[in-house]
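J.: Chain B: place on chain A using the hints.
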Amino acid sequence: MSKSNFTRRGLLKTSAVAGAGLALPTYLRAAAHSGYTNAPSGSTVTIGFNVPQTGPYAEEGLDELRAQELAVAHLNGEGDGGMMNTFSSKALKGNGILGKKVTFVSGDTQTKSDAARAAAKSMIEKDGAIMINGGSSSGVAVAVQSLCQDAGVIFMAGLTHSNDTTGKDKKANGFRHFFNGYMSAQALAPVLKNAYGSDRRAYHLTADYTWGWTQQESIAAATEAIGWTTVENVLTPLASTDFSAYIAPVLNSGADVLVLNHYGGNMVNSLSNAIEFDLLSKQVNGKDFEIVVPLYSELMAAGAGDNVKGVIGSMNWNWQLTDEGSKAFTKSFGEVYGRPPSNSAHTCYVQTLLYADACERAGTFNPCGVVEALEGFEFDGLGNGPTLYRADDHQCFKDVLVMKGKQNPTSQYDTLEIVEVTPRAQVEYAPDHPMFAGGELGKCNPGA
Amino acid sequence: MDAIILQILNGLDKGSAYALIALGLTLIFGTLGVVNFAHGAIFMLGAFCAVTLSKILTLSYLTIDETQVDFLGNPLKVKTPYVEHWFGQDVGAALIDWAVPLAILFSIPVMIAIGVIMERGLIKHFYKRPHADQILVTFGLAIVLQEIVKYYFGANPIPTPAPDMFRGSFDFSTFLGFEPNSVIYPIWRLIYFAFSALIIGAVFAFLQFTTFGMVVRAGMADRETVGLLGINIDRKFTIMFGIAAAVAGLAGVMYAPINAPNYHMGMDFLVLSFVVVVVGGMGSLPGAVAAGFLLGILESFASTTWATTTIPGINQIIIYLVAIIILLTRPRGLMGKKGVMED
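These protein sequence lines map, in sequence, to chains A and B. For the first sequence, position 150 (counting from the first letter as 1) is numbered 149 according to numbering that gives the first Met the number 0, and the numbering increases by one without interruption. For the second sequence, position 87 (counting from the first letter as 1) is numbered 86 according to numbering that gives the first Met the number 0, and the numbering increases by one without interruption.
Chain A extracted, bound-state conformation:
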């Protein structure tokens, strides 16, 4: 039998020392005083921009980063102020956020969920970022949103279009300004009916991940509602670069419309392959064959070159809009970078301003205060007309653009034209809509 040296007094002493030791790091952090993660204690506040700086969406990410840097400059009172001059809320003064100068750190998502989470984690834990903004993929957005929820910081999503981001994967600490697959479909369906009629047979090629699935489900439902038939839906691997094997059977399928639920490099390649097969010059069922790209971006259109001519799709925003907010942002961005901003740049810029404005109105950086300030917030002057941040799912509701590849572009930036600005009412849906079912928003997490 072994003899134990434990005594009640010894145990109490050890517990007290261990408890003090464990408490010390927390005590030294400002968060311990304020009750939320990474509370700013000095004269600056740090925000994190998590965008793809390498990998297939790097161009998209770099444009986002340009816009985010511009937003920081405007928040700190530098430059011409951009959309701060047209924003309906006048809480931002150009003196940082709550009087603290804004600094930023950036991470590289590589368009991979694990890399994006690691970059966000590093910015939160090592750099003290109080908010994460960015991303160019729904897979990344969903992963980083979940991380931010657990860490107790706000996530202001960049380009993410899957219904799931504010559907089954929604989180209280996450907010999406960008539109989604359902909204694209609702905006596109009437335009497609007018352009191509109601008796059409559609063949879908769909990227095999969360965004592709929800985009396809949305556009199939919307086009079936106007009388179209969905002939086939073929899932294509995200890593595909040559889609000829998927496109070759399209003409023999009896379909007269090809819907490309692809984005980025996938879309550039699948559209180019479809044009290579001369689909647009064919007649099927007595009708001209047509191609639809539900989600467009300027950078993708530039990548696809002449192939986008006449092809209809949708966008969240475009620099050709003539409202005062869009003009102000395009001017600011264009003068600094010599090019018009993309819609992913726009959404990241707007999200950064919206976060800063929410902090000012809430009078705190506490995520729960920010959530409260953003939920149900109605605003205007940021480029999409009157906009609502709905409290139920943290999705923005605003006008949606239907675009078409321009027949005679005058410059490399002039690839798309606005066909219609679809009013917000047409793309709204109930919070419990079946396509957004599942998941709980939960409660805000201040962390710390």
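No false leads were mixed into what you were given.
Label-pair distances were calculated between CB atoms; the ranges are:
| no. | chain 1 | residue 1 | chain 2 | residue 2 | range |
| --- | --- | --- | --- | --- | --- |
| 1 | A | Ala-117 | B | Pro-129 | 30 to 40 Å |
| 2 | A | Ala-117 | B | Gln-67 | 45 to 55 Å |
| 3 | B | Phe-205 | A | Leu-279 | 35 to 45 Å |
| 4 | B | Phe-205 | A | Glu-334 | 50 to 60 Å |
| 5 | A | Tyr-336 | B | Ala-131 | 39 to 49 Å |
| 6 | A | Ala-117 | B | Ile-3 | 38 to 48 Å |
| 7 | A | Lys-442 | B | Thr-57 | 52 to 62 Å |
| 8 | A | Pro-236 | B | Leu-58 | 37 to 47 Å |
It should be emphasised that the hints constitute simulated quantities derived from the structure, not laboratory data. In this text, a Cβ means the ideal position worked out from N, Cα and C, and glycines have one as well.
T.: Positioned in the frame of chain A, the structure of chain B alone reads:
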């Protein structure tokens, strides 16, 4: 039946790319014994030769058009290519239109030079090192080349179209007695297949019917004996590395109109090409070509709706599945020889 013909055609053009890359890989492995993971990057550099020539031909000077405005409301700067200014609008436009075929001529010396520099500057130092070291260094080189291309050309795909007269598709239906539009295939892909067959034939003829080729084949069989005969076999092998680089480069040039070149395109082909080499048999040139076409066609059939509905995901694993089956039944690959990569 029409669907089967379409998928065979489709497999042939994909198989052409695999075969050309695998042919180059096998040439390098067969001559120098190096497992070259930078070969995909060489294919990518070839595609960027087409992009570069296209950019050179579209180099422009600016004039101000006061009647139009840019996105900021300033007078529009209109670009006019120098070639149109120098040679007239028609000739200039034709040169720009024919950028990809012209890039074939442009790329041959460029790619041979890149291959020779690569071999003399880096790879020759790893001849006597283990294959793992060779893989690491060539893989690292591939990443460096990728990043250089990304730095200069950006990450987005760059559209590089075929000449106008080769765009569009050819309808085989009437020749084969099918309904119109049931067997159509892009003209450029048919040209790509014919071009690949020509290059493969030229490489085999070069090795088979020239003195240089005979020495190289002898060197591949017994390097030491050829060296003892007073032939500088290292120099000949360096030239073969350059030729292999040119073959991969030409494959890349001609592939540019099929998929808009981007800095990552080499990696997309690299792994599959290595599988092709292994299935064909390490060091076997006919094996590499045969396996390239075989796997291209199988991959094409596996991507049909019927195949993906019957076995979901089959399109993503078919090549690896076939590789496993072949290696289990024929461990040296389809046409592999005894002693290659065997202790």
